[in-house]
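Note that the protein sequences, when read in sequence, are chains A and B. Just so you know, we're using my numbering here: the first sequence kicks off at 1 and counts up by one. Just so you know, we're using my numbering here: the second sequence kicks off at 390 and counts up by one.
These are computed hints drawn from the structure, not numbers from a lab. Even for Gly, the Cβ is constructed at its ideal location relative to N, Cα and C. There may be inaccurate statements among the hints.
Claimed, not checked - Below, a list of computed lysine-lysine pairs in the DSBU-like style, where the Cα atoms sit at most 30 Å apart:
1) B:K458 - A:K355
2) B:K647 - B:K636
3) B:K549 - B:K623
4) A:K313 - B:K676
5) A:K201 - B:K482
6) B:K676 - B:K643
7) A:K42 - A:K234
8) A:K313 - B:K623
9) A:K42 - A:K313
10) B:K482 - B:K458
11) A:K201 - B:K647
12) B:K482 - A:K165
13) A:K355 - B:K636
14) A:K80 - A:K355
15) A:K383 - B:K647
16) A:K91 - B:K636
17) A:K355 - A:K383
18) A:K313 - B:K636
19) A:K80 - A:K10
20) A:K295 - B:K636
21) A:K295 - A:K10
22) B:K482 - A:K295
23) B:K549 - B:K458
24) A:K8 - A:K295
25) A:K295 - B:K623
26) A:K313 - B:K643
Stated by the list, open to error - Which residues of chain A face chain B? A partial, calculated answer using Cβ under 8 Å:
27) A106
28) L347
29) V360
30) R372
As a plain string of letters, each chain reads:
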Amino acid sequence: MTESLGSKLKEKSVIFCAGAGGVGKTTISASLALTLAVHENKSVLVITVDPAKRLAGALGLSELGNEPIEVDLSGIEGHKGRLYAAMVDMKESWDQIVQSCADSDAQERIFANPIYQNISSQFVQSHDYIAVEVLYDLYGRGDFDLIVVDTPPSRNAIDFLDAPKRMEEFFSSKLLRWLTMPYRSKVFVSAFKPFNAVAEKILGSAFLAELGEFFVDFQSMQDGFLERARTVSKLINSDQATFIVISTASEAPINEASFFITELFERNLPLAGVVINRCLPQNLLDREVASSAQKLDDSQNVLVAELTGRYLKENPAIDDDLGRRLSPIFNRVLSEVNSNYLGLAELYSSEIAYKSKIGVDSAEIIEVAQERGDISSLPNLLKMLNNIW
Amino acid sequence: MSAKAASGIEALLSKRLIFVTGKGGVGKSTVAASLAWLASQRKMSTLLCQVDAKGDLQRMFGRSAIGFKPELVRPNLWAMSMDTEAALNEYLKIYLRLPVLPRLGPLARAFDFVANAAPGVREILVVGKLCWEVRESHYDIVIVDSAASGHIVSQLASPKGVGELFRVGMVVDQTAWMSDILRDPKTTGVVLVSTAEETPVQESVELAERLSAQTEVSLALVVANRVYPQVFSKTEMEVFNWLADGKGSGIAAKALGKGWSGLIGASELWNAMAETNCRYVDLLKEKVAKSSPLVEVAEVISLPAGLGLIAEVAESIEAGLA
Chain A
1 MTESLGSKLK EKSVIFCAGA GGVGKTTISA SLALTLAVHE NKSVLVITVD
51 PAKRLAGALG LSELGNEPIE VDLSGIEGHK GRLYAAMVDM KESWDQIVQS
101 CADSDAQERI FANPIYQNIS SQFVQSHDYI AVEVLYDLYG RGDFDLIVVD
151 TPPSRNAIDF LDAPKRMEEF FSSKLLRWLT MPYRSKVFVS AFKPFNAVAE
201 KILGSAFLAE LGEFFVDFQS MQDGFLERAR TVSKLINSDQ ATFIVISTAS
251 EAPINEASFF ITELFERNLP LAGVVINRCL PQNLLDREVA SSAQKLDDSQ
301 NVLVAELTGR YLKENPAIDD DLGRRLSPIF NRVLSEVNSN YLGLAELYSS
351 EIAYKSKIGV DSAEIIEVAQ ERGDISSLPN LLKMLNNIW
Chain B
390 MSAKAASGIE ALLSKRLIFV TGKGGVGKST VAASLAWLAS QRKMSTLLCQ
440 VDAKGDLQRM FGRSAIGFKP ELVRPNLWAM SMDTEAALNE YLKIYLRLPV
490 LPRLGPLARA FDFVANAAPG VREILVVGKL CWEVRESHYD IVIVDSAASG
540 HIVSQLASPK GVGELFRVGM VVDQTAWMSD ILRDPKTTGV VLVSTAEETP
590 VQESVELAER LSAQTEVSLA LVVANRVYPQ VFSKTEMEVF NWLADGKGSG
640 IAAKALGKGW SGLIGASELW NAMAETNCRY VDLLKEKVAK SSPLVEVAEV
690 ISLPAGLGLI AEVAESIEAG LA
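One chain only, chain A, in its complex shape (with noise of 0.2 Å):
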């Protein structure tokens, strides 16, 4: 028998929730934190980067940031678990990572440099590294069982796995040193001499200027950033970690995971599960509901008829326009009934299609059902995944 979900997570330090956008990626590491924390009674926190702040509603804070905060489990009886939610918040992380990283000048530097103030949406993809930074911080507290890690909405979700690689990549890169030559050194490198010509020609000297001074002051920092690159990195790829693909049953999400999924095997990186969300009832295509649904299709009118009788006896008040309306008010009803499901089911013959091809053994893929409503509350979050034990 193939080892539960639940009972592979529960001996993990960090679980990484990764997937396309759109596919409830957040509520699921949400509902997985809260799930584990009270079946396990251990104390969890999710990171989350969704901007959209629906974490916190549905958890019932109203403001989350860098520093974790605890929701309140006491309506669930019955476990003694925690859970404790965050946001990466990119300002404060940046700010932050300065603060502990530069030595005060070069801090002051920093944060007076009006590219510093623009930087930190825009520089080198910084919201996989900074949720890589907050984890590298919280982690290092030692204060949770177990993080559950909502990461970030990427082009690719791969772009998460790379990001310690590609800051190390940055410092070392002939780039910065171009950039930074000026300040650095009187001489003037040949190779440097083109370069600048360009660069200055296009983007103009001042510009120029502040990019290579804030540059000189972020080589400052490159210790600092690095050694916190690496310990993620080493964290990401031991035992302590693992990887939870998250999509819904159609073409692009299912692409992307599948991709997902193949780049962690040749990492070499462990995947514990796939949750598939916002599946259809599985009874749509059952044989006793096709057959149903044919027979429909043969005697609707007889049924109509049958129906018509029996709801005008039991209304005997009910108005004579609509008592005459009533026979093809039922026709439209059953007409509708048997096309709704037609659509449905055939919708689900494409979701199992397309939950064929994401190339794990299906003992591995964990369903949860379509919501008919919103999940605001702990308790819808609490039923998402209750079948992962």
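Guided by the hints, dock chain B onto chain A, whose structure is given.
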């Protein structure tokens, strides 16, 4: 021009530059392709450009790849993928008249690094290339399958932002005419795509606010995509409920067999989704489409991404705007 002022789809397609955006996974690429399809059907020469190349475009048009150089994929319809390095090369060629560009390979690579590191450079290259196509009138209309919500604002705000940050230099000299193109609602518009669910709508509300606060580009259309239509009127709903829970359910189950509850279940799910969708379409109307039209595109169940789906969505948009 006809005597009557253009309205509906004609008004939208009379613009020269349309940015289609929205949260990831809402069907933004399909809507962009559908608008391009509608334009090309009107014999307008149309450029469809994907900015965040995930490969949706080539899948939809059944190509193995679509590169920076526009390629004719349908009559009157050219498709391309944005590539900042190629855009930079083109820019250098046009404005610096740099000779023998291939030999400057390392230089261009260095600039790609700058584009990565310096705020606004990548964005201005993307927006600059698109505005340039408009200014040079290479096409009647340029339709952009834009970056997802998070990034589009920094792109559209980049001419302004870069102007403030760079102050002097060639790039700054270029930003004025770009701003002129972006600012004019007759020339440029944003089409915001959302599904009618909680998170996408919330993100659309925030995006619309940021677009209006931080950019000069105006919202031209809101598309509520993949909406499950409400199929029952109030009276029909009463009848349906009687069939689902009332005495009618026993009669139907007797006539049709045990599967009847499955049939009813499917319709209950459909109704619940339609009801949720309806609520969020109303919210989109109230909070996002304040001064722009909104069209609903029904969930298309039977078609995978491809030309069939594009045509179907195009028809919905056209009908919705009529």
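Going through the hints against the structure:
Restraint check: the Cα-Cα separation between K458 (chain B) and K355 (chain A) comes to about 35 Å, which exceeds 30 Å; the hinted pair is violated. Note on K647 (chain B) and K636 (chain B): the hinted pairing holds, with a Cα-Cα distance of about 15 Å set against a maximum of 30 Å. Proximity of K549 (chain B) to K623 (chain B) is assessed by CA-CA distance (about 52 Å); at most 30 Å being required, the pair is judged violated. Pair hint K313 (chain A) plus K676 (chain B) does not hold up; C-alpha atoms about 47 Å apart against a cutoff of 30 Å.
Of the pairs offered as hints, the one joining K201 (chain A) and K482 (chain B) holds, with about 14 Å between alpha carbons and a cut-off of 30 Å not exceeded. Under the criterion of a C-alpha separation no larger than 30 Å, the hint pairing K676 (chain B) with K643 (chain B) is inconsistent with the structure, at around 48 Å. Distance restraint check for K42 (chain A) and K234 (chain A): the Cα-Cα separation of roughly 24 Å lies within the 30 Å cut-off, and the hinted pair is therefore satisfied. Among the hinted pairs, K313 (chain A) with K623 (chain B) is consistent with the structure: their alpha-carbon atoms are about 21 Å apart, no more than 30 Å.
For the hint linking K42 (chain A) to K313 (chain A), the alpha-carbon distance of about 59 Å lies beyond 30 Å, and the restraint is violated. Of the pairs offered as hints, the one joining K482 (chain B) and K458 (chain B) holds, with about 15 Å between alpha carbons and a cut-off of 30 Å not exceeded. Only pairs whose Cα atoms come within 30 Å are accepted, and K201 (chain A) paired with K647 (chain B) is rejected, the gap being roughly 78 Å. About 33 Å separates the Cα atoms of K482 (chain B) and K165 (chain A), which puts this hinted pair outside 30 Å; it is violated.
Of the pairs offered as hints, the one joining K355 (chain A) and K636 (chain B) is violated, with about 39 Å between alpha carbons and a cut-off of 30 Å exceeded. A hinted pair counts as satisfied when its Cα atoms are at most 30 Å apart, and K80 (chain A) with K355 (chain A) does not qualify at roughly 36 Å. Our distance criterion of 30 Å between C-alpha atoms is met by K383 (chain A) and K647 (chain B), whose separation comes to about 28 Å. Under the criterion of a C-alpha separation no larger than 30 Å, the hint pairing K91 (chain A) with K636 (chain B) is inconsistent with the structure, at around 61 Å.
Of the pairs offered as hints, the one joining K355 (chain A) and K383 (chain A) holds, with about 22 Å between alpha carbons and a cut-off of 30 Å not exceeded. The hinted pair formed by K313 (chain A) and K636 (chain B) meets the criterion: a straight-line CA distance of about 11 Å does not exceed 30 Å. The suggested pairing of K80 (chain A) with K10 (chain A) holds, with an alpha-carbon distance near 15 Å, which does not exceed 30 Å. Note on K295 (chain A) and K636 (chain B): the hinted pairing holds, with a Cα-Cα distance of about 20 Å set against a maximum of 30 Å.
This hinted pair does not check out: K295 (chain A) and K10 (chain A) have alpha carbons roughly 49 Å apart, beyond 30 Å. At roughly 70 Å between alpha-carbon atoms, K482 (chain B) and K295 (chain A) are farther apart than 30 Å, so this suggested pair is violated. Taking the CA atoms of K549 (chain B) and K458 (chain B), the gap is about 28 Å. The hint holds against a cut of 30 Å. Only pairs whose Cα atoms come within 30 Å are accepted, and K8 (chain A) paired with K295 (chain A) is rejected, the gap being roughly 46 Å.
Taking the CA atoms of K295 (chain A) and K623 (chain B), the gap is about 27 Å. The hint holds against a cut of 30 Å. Restraint check for K313 (chain A) and K643 (chain B): satisfied, since their Cα atoms lie roughly 19 Å apart, inside the 30 Å limit. Taken as an interface hint, A106 (chain A) does not check out: its beta carbon lies about 18 Å from the nearest beta carbon of chain B, beyond 8 Å. Taking 8 Å as the C-beta cut-off, the interface hint given for L347 (chain A) holds, the closest approach to chain B being about 5 Å.
A distance limit of 8 Å between C-beta atoms decides the matter here; for V360 (chain A) the minimum to chain B is near 21 Å, and the interface restraint is violated. Annotation: interface hint on R372 (chain A) holds; nearest CB of chain B at approximately 4 Å, less than 8 Å.
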